[in-house]
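J.: The primary structure of each chain is shown beneath.
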Amino acid sequence: MPARSGPNQVIVMSKLISLVPLFPLLGFLINGLGRKILSKQLISLVGVGTVAASFVVSLLIFFEVRQEGFQPDIVHLFNFIDTGKIHIPFAFQVDQLSILFLLIITGVGTLIHLYSTAYMHEEAAPHFARYFAYLNLFVFSMLLLVLGANYVIMFIGWEGVGLCSYLLIGFWFKNDAFNDAAKKAFVMNRIGDLGFLLAVFWMFSQFGSAGFTEVFAQGPQAPAMVITGITLLLFLAATGKSAQIPLFTWLPDAMAGPTPVSALIHAATMVTAGIYMVARSHVLFDLAPITQHTIALIGLATALLAATIAIKQNDIKKVLAYSTVSQLGYMFLGLGVGAYTGAIFHVMTHAFFKALLFLGAGSVIHAMHHEQDIRNMGGLKKFMPVTHITFLIGCLAIAGIPPFSGFFSKDEILMGAFVRNPVYYVLGVAGALMTAFYMFRLYAMTFQGQFRGTEKQRNDLHESPSAMTIPLIILAILSFAGGLVGIPEVFARDAHRLEHFLAPVLQMAGVSETSQGHLSHSFELMLMGATVLLILGAIFLALKTFSRYERKGESAGGLGRLFENKWYVDELYDAIVNKPLKSLGGFLNGVVEKLGIDGIVNGMGRGVQYAGRQLRLLQSGQVGSYILIMVVATVILFIIQLFWKH
Amino acid sequence: MPVNYYIFLAIALFCIGIAGVLTRRNAIIIFMCIELMLNAVNILLVSFSRMHYLKALAVDKATTAGTEAQLFVFFIMVVAAAEVSVGLAIIVMMYRNIHSVDVNFLNRLKH
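In the order they appear, the protein sequences are chains S and X. Read in order, the letters of the first sequence are residues 20 to 665 in this note's numbering. Read in order, the letters of the second sequence are residues 789 to 899 in this note's numbering.
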């Protein structure tokens, strides 16, 4: 319907688009301000309802955007900063990429909000309201992040999600360990944010603007060094937010927060902000091959490192956390090799299946009364059939078994990697095998075999309420079918609907995506087949090894111990950052402060006291000596006056 | 007679006064030395007054230049007389209390 495009359409949409972030903001204000008076039912209604309303509006906009002849549009709301040479409008970017993210954020967000109403029901009403207020604020910030039409607005959202992440990780603030995890997440994110901020400043000095349109239009004329610098700084920001080497250690610790938070923030949405940002700025990244290589290498390294760690973890959420880090690594690999559609596709499918897995894990934790160690689980499939089936679907999806969604998106990234460099492909497949292995290890230890927990836990085992299982079922359907929007060319011509949908955004600069037509179809099919067979082997191995898992005093040696201790990365950071900083602090405290600054202050006092003690001796009470001093002083004054030059 | 002689005399008297104040411990002697210093100043004032008067007289027969200093001298004498009466009263009181006029015993104010 090309005839409908015109000013009319723009007006309708500009009114609608500002509603999308507005609803969660309202929800945040209502729940935040009324937390002492609202009842739990009302809080749930506001919390879930506002995000659901955003989702409905996003859907309406989506139907407009997917029409033929839609042009990416910038909706200008008001001037944010307007001073001197700097003009920053508060504007929203409405195009295929942002609308896709809107759908993921509000859609998955609604399900997770719904799930939270049941998961958090033990909390007292004020804390319940605080939780939903934070969650709504997070959705608002995230929407701002993906909707912003310039890097400044994006940065506001970027900081906002970091703040909400901090608040929600430390939601149970009475536990010091959780607070430490929250602080760790915040501080590590700050390192990345500094990169973002510097990149924005650099853009202002180079291009005079931070608007996407202006920056991308002027990008090709700028010196290559500048573009490389800006993109590297942006990528530093992405490593912080999206938990890549070297700033990934905060994400596993972030599992201290409530499980729905892990699902929403630390799996489905916030951690993909880095991928969104790189994909959004792909015009700049295409101009900087050095950065692209860096991204691909770091992504691949993170994917493999995190996968090896996940194999040896025993905390159900930690396994999923490392799995998230690993999958994010895959997305960056996709971005690095130019398979932008693949990366975005993987963001989408990952949002579905990882949210599903986290919510499933939450369901298990809920049933086990906050037990998270999978060595104490086992045999749960009898007790929790819905959780079991949906979790299995999530595992199959993440492992990459066709036709589950993870297969298509991961395959697209791996094919993109193969075209760029077959070594990337081989390593990527190795990571995929590890993914399948640790996911089915997790599955087998949780749901198969005999129950290994206490008798009390066994008696209390129950399936979760429907507010928890309904989101699980919906996400399971999405995890199963979500891949069908991106069926590769090999299976059906022009079936990759997502690629067509995103094409206007991701090919704007005329730099074509790494075309996957280079591989012959038969070769591609062969690669796929081999990969799937290997993955099936890994799954079989994991199921066989861990289905009959018995608890015994095992102590891993060599490589296993390295994995179990997370490659000692935390210890390494401790040794190279914390220890020197602490000893520097100790030095400043013990030496500079005590001897230097305190020395000066105390020295002043001591000097005055000493001088007073000595001067007191003059006050002898002997009239004669006073007069003598007077006379001597007078004589001295006379002598000075004699030699005084006027 | 040139004014220099008067100045030397005044300096000599003043130095004798200072030396007396510094070296003697008897309060009455110190008192006398202070009088000596005051009178040294008086001599200076009178002699300078005379000097100015003679200089001005050569120009103007009816001048009164320098006469103020003569008045000052009388003021100083009156004040000195008052001071002596007060000072001697203090010394008498001191002698009654500590049976001594030695100023070195008057060091109680140091604490």
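It should be emphasised that the hints constitute simulated quantities derived from the structure, not laboratory data. Among the clues, some could well be false.
Only some residues are given here: those of chain S computed to face chain X with a beta carbon under 10 Å [to be verified]:
hint: 1; residue: I420
hint: 2; residue: P421
hint: 3; residue: Q467
hint: 4; residue: Q469
hint: 5; residue: L560
hint: 6; residue: G643
hint: 7; residue: I646
hint: 8; residue: V650
In this text, a Cβ means the ideal position worked out from N, Cα and C, and glycines have one as well.
J.: Give a verdict on every hint.
T.: Evaluated hints:
no. : hint : in the structure
1   : I420 : violated, 99 Å
2   : P421 : violated, 103 Å
3   : Q467 : violated, 94 Å
4   : Q469 : violated, 93 Å
5   : L560 : violated, 96 Å
6   : G643 : holds, 6 Å
7   : I646 : holds, 6 Å
8   : V650 : holds, 6 Å
The structure fails hints 1, 2, 3, 4 and 5 (numbered hints given earlier, in ascending order).
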